[in-house]
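Chain A is already provided as a structure; the job is to place chains B and C on it using the hints.
Residue numbers (my numbering), protein chains in the order written: chain A, 1 to 150; chain B, 1001 to 1340; chain C, 2001 to 2560.
Hints were generated in silico from the structure; no laboratory data involved.
Glycine included, each C-beta is placed from N, C-alpha and C at the ideal position.
Some hints could be false.
As the list claims (entries may be wrong) - Across the chosen pairs, the derived CB separations fall in these ranges:
#	chain 1	residue 1	chain 2	residue 2	range
1	C	Ser-2522	B	Ala-1274	37 to 43 Å
2	B	Gly-1192	A	Glu-81	29 to 35 Å
3	C	Glu-2038	B	Gly-1218	37 to 43 Å
4	B	Ala-1261	C	Lys-2524	36 to 42 Å
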Amino acid sequence: MARKIRVLVGKAGLDGHDRGAKVVASAMRDAGFEVIYTGLHQTPEMIVQAAVQEDVDAVALSILSGAHMTLFPRVLELMREKGLKDVLLTGGGIIPKEDMEALRKQGVGDLFGPGTTTGAIIDYVRGWVAKHRAPAGAAGAAPARTGTSR
Amino acid sequence: MSAAPRGAAAPASKASPPTRPTPPPLAGEILKGDPRSLARGMTLVENGTPEAEALLDAVYGKKPAAPRVGFTGPPGAGKSTLVAEYARLLRSQGHTVGVIAVDPTSPFTGGAILGDRVRMGEHATDGKVFIRSMATRGSLGGLAARTAELAELLDAWGSETTLIETVGVGQSELDVAETADTTIVVLTPESGDAIQTLKAGLMEIADVLVLNKADNPGADQMTAALRSSLAFRPQGGFKPPIVRTIATERKGIEELHAAIAEHRAWAVRPEQAARLRKERVRSRLRHAVREGLLDSWAARQGLESWIEAAADQVLAGGVSPYRAARDVIERMTRHGGNAS
Amino acid sequence: MAETRAETKVKRAPAAPPGHAPAALSPADGSRPGIPPETLSGIPIEPLYTEKDLPEDLDHRMMPPGEFPYLRGLHPGMYRARLWTMRQFAGYGSAAHTNERFHYLLGHGMTGLSTAFDMPTLMGYDADHPMSLGEVGREGVAVSTLDDMEILFHGIPLDQVTTSMTINAPAIILLAMYVAVAEKNGIPPDKLGGTVQADMLKEFIAQKEWIIPPRPSVKICVDMIEWCAEHMPKWNSISISGYHIREAGATAAQELAFTLADGIGYVEECVKRGMDVDVFAPRLSFFWDVHNDFFEEIAKFRAGRKIWAEVMRDRFHAKNPRSLMLRTHAQTAGVSLTAQQPLNNVARVAIQALAAVLGGTQSLHTNSMDETLALPTEEAATVALRTQQIIAYETGVTATPDPLGGSYFVEALTAEIEKEALGYIRRIDEMGGIVVAVEKGYPQKEIADSAYRFQQQVERGERVIVGVNKFQAENEEITIPVLKIDPEIERGQIDRVRAVRARRPKERHAQAMSALRDACMSTKNLMPFVLDAVRAEATLGEICDVFREAYGVYREPAVF
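The shape of chain A in the complex, shown without the other chains (with noise of 0.2 Å):
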């Protein structure tokens, strides 16, 4: 049976523009991703218990509300903190450059700016998918990638 990727997209914070999260669900979808898409007013716990029950391969999220700094790396501590080292989180929004850095250090996958196209995001999780998920199968034991996201 094909592995399907399982994506998690949703918005954390309080900020309600789900035009982009919805068009990239979308564009998954048509991709032949599963998108559990969890929606707005996502706090970092909600996502987190959500991507754990989900066995999600990768978690997304939009944040054009400008609180990435504090969301993404309190996502990123949670995920870690519940065994999900092996998961990427990803997204994207109104995130300048250094940011996208200093996240990226932190253990954050690509986060990707206005103007990308839904194409090279699902390029990215696919490819990050092949190379760093085993394959749904692998008996029993977690997979022995330990570390950040890269």
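Using the frame of chain A, we list chains B and C on its own:
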């Protein structure tokens, strides 16, 4: 509301028991209640990996089977909200709750948007509510192929009631009737058309009928219509209560709970319970054997390549699909091996 | 095991050989290859327009501005007599900061104040609520208490300046605070002019800043309309908005239709309550987006006025001419601005602003070129204001009303977009009205589809975005300015809120909150109770918590 454990233990025997394979470590973690292991186990089972069978085997019957409540009905009836509110009530009584929410896979792209968690935000950080979204992945019966197995994993994890929400496009809701102990059909005062087209199916499988958005106009007429169509059900079966709810205002949820309990009480009466339990096991076996046979046979015989060749033939205009299918079956039964 | 590609068949137009446009996309009339010429809404555009394309009821349409159906404009003479209001949005950080900005803009020729609030305020949370973490003062000004409101408007003569407040879910609270501040300065509510956005239907459709579900939200909007009709005759108690609907991905026709449907919904609720339409309708105001398709936007403004006038007269039997007039604010389309080559945005905004003026807007906000990326710098904000002033004083377009009236193309397009919008409105009527349609997710789904379709067109190169998918700069480094909001602002705001809670008279506060709680359980107009609570120094978050308790917290369905 807990059911009896499945598979009563066999009496101790003096002969040595058949050797069983070492249970996978994941099984142990799930039985201890670890959500991450449960989630990963679910993925293995959903993807039909070789480890899945051993895992299911290792956990089967180890904990009491949680009663399964299925929610079906036309889209827009408010199933998600109702499930969220019902889970809230169960939580207020201290129950651990499992939720499986099924959404359709796009037949063109193979992808899916699984959006039922959005309505369940209230439970999003509650460790005693485990919510899993499943895509149908081509299955047409309203549930995904492995929904029942995932419910078994939830049992092993410790769910005390498992809520299952179907796709609800009404194409065929038979799956849920086979998988759930109690099937709730959720309608609204506007569902008139849905009932016309789906009358037989929906009415027959309902153990409880919910009229949601009961403050909308037409609720009384709809209730009367439902009551009269229920009169046509065969005598002697359970008579489904009709419950009016306004899920967005948290109204009618207690009544729904009572109705489900009413059905449970009927279903566990000895004469029903044994019959239903056997029917359930028969259905599971039928599924598992059919799928297992087809999968292994298809793989061994190279079914895909036979079909590819037959498709070319049909498109070339030489033969009807029905004839071509018959040919494939005959050849596979006789020859085996790959298409020449 | 990589995911098998066999299942991922995305429908695409067949690839064309290089140098050739795909057959389906090459119009037979000699047009350039690409998508067939059509407006952003998909209305086909003819190779040539002649008098044959003029609508049949032209005489009716061409009534002068100031006369029913107001297609040509609301007032005789239009800008010849009086320019539109140049109203630039402002607000960030603390109330003190924003107050400074207000004084700056007033000093530079702005004629009305427009307030932007931060996300916690918009969502009904005080600065010290866990959900507010990292967001206080970031996208607008933080207001949690009456104190904040006093600082915000310090030194500003509220009886001489009009103020627009862009606030929705907690609008009734901010309005009450504004009234209370004026009160403290000896100004009665009937002297106050301005607008509160307070359009919850478009929140559920597009902007998604909500607290309680649709029906109680609409009830509170109607409470404000009712109270203002009686006590604040100069105040626009609602700004029925298309802007956010458009920004979320709707086409121009959908923006027109859903906004007018919202308007119809509010009027229906008011009438159901027994209000006289001619008493409240003159104070309903609207808010359009102005996007890139120049002539389509002008047509949209004109069609909007005609549809609304006819709806008010024929459906609601309004007699007062002022009940029939669709008065509107407009804002240039934020979503059309690019992070790539931001200077280009100055050109975009100028053209969009021109469309709004040729369309006959009453008030206009022009975006700053850097607004995609962060709150605007002072320089960029000034250029945006100057853009309006150049149009007003240098271009000559204000010398006569509706200068494009009678154009074959513009009249045909106006009629076409009117027809499309009426089609949507009819469908919504058949569903049972806009509230039902919103609960069913109908406008939300239309918008999601349009947004996705547009993105696909852009990614296929069928829609050109200059600087993004064509005419890109080599190796462009997009510099997103890091607008560092001083963390002291959040800290300071939290301290201030806590200080208010600690020092306010407890008894008065408790009584006011109790009365408010009771009122929520009734059908009474909540405004007097919110006013009392605000005077008793209840915080925004506390009052919203009462609403949450009484009406429940809304969770949307996932509509795709």
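Results for each hint:
no., hint, result
1, C:Ser-2522 x B:Ala-1274: 37 to 43 Å, "55 Å, violated"
2, B:Gly-1192 x A:Glu-81: 29 to 35 Å, "51 Å, violated"
3, C:Glu-2038 x B:Gly-1218: 37 to 43 Å, "41 Å, holds"
4, B:Ala-1261 x C:Lys-2524: 36 to 42 Å, "40 Å, holds"
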